[in-house]
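J.: Here is how the chains run, residue by residue.
Protein chains: 2
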Amino acid sequence: MTKARVFVTLKPGVLDPQGKAVAGGLETLGYQGIKDVRVGKLIEITFEDGTNQERLREQIDDMCARLLANPVIEEYAFELISEAEAAEPAANGSEEDS
Amino acid sequence: MTKARVFVTLKPGVLDPQGKAVAGGLETLGYQGIKDVRVGKLIEITFEDGTNQERLREQIDDMCARLLANPVIEEYAFELISEAEAAEPAANGSEEDS
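These protein sequence lines map, in sequence, to chains A and B.
69 is the number that my numbering gives to position 69 of the first sequence; each next residue is one higher, with no gaps.
188 is the number that my numbering gives to position 88 of the second sequence; each next residue is one higher, with no gaps.
The hints are simulated quantities; they were obtained by calculation from the structure and are not laboratory data.
A portion of the hints provided could be inaccurate.
Simulated crosslink set (DSSO-like; lysine-lysine; CA at most 30 Å straight-line) [stated by the list, open to error]:
hint	chain 1	residue 1	chain 2	residue 2
1	B	K135	B	K120
2	B	K111	A	K41
3	A	K35	B	K120
4	A	K41	A	K3
5	A	K35	B	K135
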């Protein structure tokens, strides 16, 4: 099972009212030190077995450009997750360092 | 500058009409081999300098539980991005392996 995680975010400079609302909400709850909040989309696509990885990358790039992102105001990035990782569900509240 | 990327996804089993619509759209465009599509949120929070990393992790976990995710139907994960990485904007269509 191959899984792709597509990240679609607004381009820098594009107004993000949803992000502003979240920032306002966090401040109202008492959190300090927040400079900016931007809200984007995370699209997880699970593919059937037996698809060539290189072919898949091209296909996903094409999907992003044609349907998943609006290239005028959004930018995208994606990562392919291997079988083992895809099988492991992300724990609630788990942390990942990068 | 510290940046946090929060991933909010629907729990497995929770119906995702938006994901179904995206899957249908991709199939209409002629893409094959798609098993499932789930749509979640990607929330990028930029923090002001000088916040302790450990403290920040606790704070973000708290933010997720209280505002960013609905713990009944959603699960969350987050990662902290270091200054250097945060300064580098993600290129349009860039690929990341994991």
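J.: Of the numbered hints stated previously, which ones are contradicted by the structure, given in increasing order?
T.: Checked against the structure, the hints that fail are numbers 3 and 5, while the rest are satisfied.
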